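There are 2 protein chains.
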Amino acid sequence: MIENNIHTVFDKIKGRQDKEVFLKQKAKVIWFTGLSASGKTTLAGMLEKRLFELNYFCQILDGDNVRSGINKNLNFTNKDRLENIRRIAEVSKLFMNCGIILLCAFISPTNEMRQMAKEIIGEDDFLEVFVDTPLEVCEQRDPKGLYKKARGGEIKNFTGISAPFEPPENPFIVVNNTNPNLEETIKQMLIKILPELKFDPLTTL
Amino acid sequence: MIENNIHTVFDKIKGRQDKEVFLKQKAKVIWFTGLSASGKTTLAGMLEKRLFELNYFCQILDGDNVRSGINKNLNFTNKDRLENIRRIAEVSKLFMNCGIILLCAFISPTNEMRQMAKEIIGEDDFLEVFVDTPLEVCEQRDPKGLYKKARGGEIKNFTGISAPFEPPENPFIVVNNTNPNLEETIKQMLIKILPELKFDPLTTL
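Quick mapping for you: the protein sequence lines, in order, are chains A and B.
When we follow my numbering, the leftmost residue of the first sequence carries the number 5, and every step to the right adds one.
When we follow my numbering, the leftmost residue of the second sequence carries the number 5, and every step to the right adds one.
Chain A extracted, bound-state conformation (with noise of 0.2 Å):
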């Protein structure tokens, strides 16, 4: 479709690290997967919260903010799946190409998935983060019943249930969520993201 791309070019526009320098901060995307109940967007909205404190600008991604617009004419097939994730990606991008930390919840359950949104951010703005969260966890917690809806049938396709879960194979962070002590987890993650986002004007010069 490129080809057929009749759009004006116009490179005056501000960029990202003209986006950067006003936030004083490098932008990234912190990705995490797991299963479903698994922590990821209670994980992510807290590590917003401290970050916002540290004065860090973030935008979260999640099926709440996603799935009811950009994504509402998408279904649950592997199809649709699919190219949910490749827009989410491309969101992403053109937030982060804003200067703004990205934190993307969604279960990706796919090396295929995780490894598309990886190429379209690009390999060293993605930080991946695994929520690893036993299935028996997950499935105990269950906080909307879906597994069970998955177990009798009613959902199908359910990660962990009647589809895969493929766990990342060099993740940035594995968190282990079984029996969280949450505030200690985001201190954690925040020592090893911190330094990623630290913006240096001196490479500006």
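Any given hint could be a false lead.
Since copy identity is lost for identical chains, a pair holds within one copy or between any two.
[Stated by the list, open to error] The list that follows gives simulated cross-link-like pairs (lysine-lysine, DSBU-like), each with its CA atoms no further than 30 Å apart:
| # | residue 1 | residue 2 |
| --- | --- | --- |
| 1 | 122 | 76 |
| 2 | 30 | 191 |
| 3 | 76 | 148 |
Don't read these hints as lab results, they were simulated from the structure.
Here the structure is a predicted model, which is why all the values come from computation and not from measurement.
Assemble the complex: chain A is given as a structure, and chain B must be docked to it using the hints.
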């Protein structure tokens, strides 16, 4: 598709007002509509530059960063053009909910398209700028030879030639961009736009 939505709800994430406080601005979507080569992206780029100098934090969306990413799997059929605008409006809404001022530069030739964008974004937040450059002037400019190709039949469904442009009925700003004094045009736009972007912390109390 909404009813298939199996995401978790998390209401503790930072909302629009937190972000507007952080950036000390009100988020709006400034939507430029007009013919190809009417000057939409040029004006959006100049406006962003001036707003940035005044310490406003903006993001431009135009064909350049949208058609090459989130919308690269769309074509120029009527159905895809509508989906193009729908996704752009949804992305704009995500940015706006992050406190950011959007400058969207898209031909968006029909009332139907702009009405859909306005409904997604919300009427109060949608500031429509009609870049009113006559077809003859745009065709004379023709920086990329697109009008010539459209006249020759090489490009189908080209707005103004083989597809309609419906002027907006009640735009927030009309820019007469035939023989523009660009500096003066931007100044007049800022006079109208700046009051809309002014953040009043008293409203958060």
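Requested in this report: Please work out whether the CA atoms of residue 76 and residue 148 approach to 30 Å or closer within one copy, between two copies, in both situations, or in neither?
Outcome: Classified as within: same-chain Cα gap 20 Å, cross-chain 35 Å, threshold 30 Å.
Query raised in the report: At most 30 Å between C-alpha atoms: does residue 122 with residue 76 qualify within a copy, between copies, both, or neither?
Result: both (23 Å within a copy, 17 Å between copies)
Report task. Could you place residue 30 and residue 191 in one of the four classes (within, between, both, neither) given a Cα distance threshold of 30 Å? Result -> within (19 Å within a copy, 32 Å between copies)
Every hint from the earlier list agrees with this structure, and none is contradicted.
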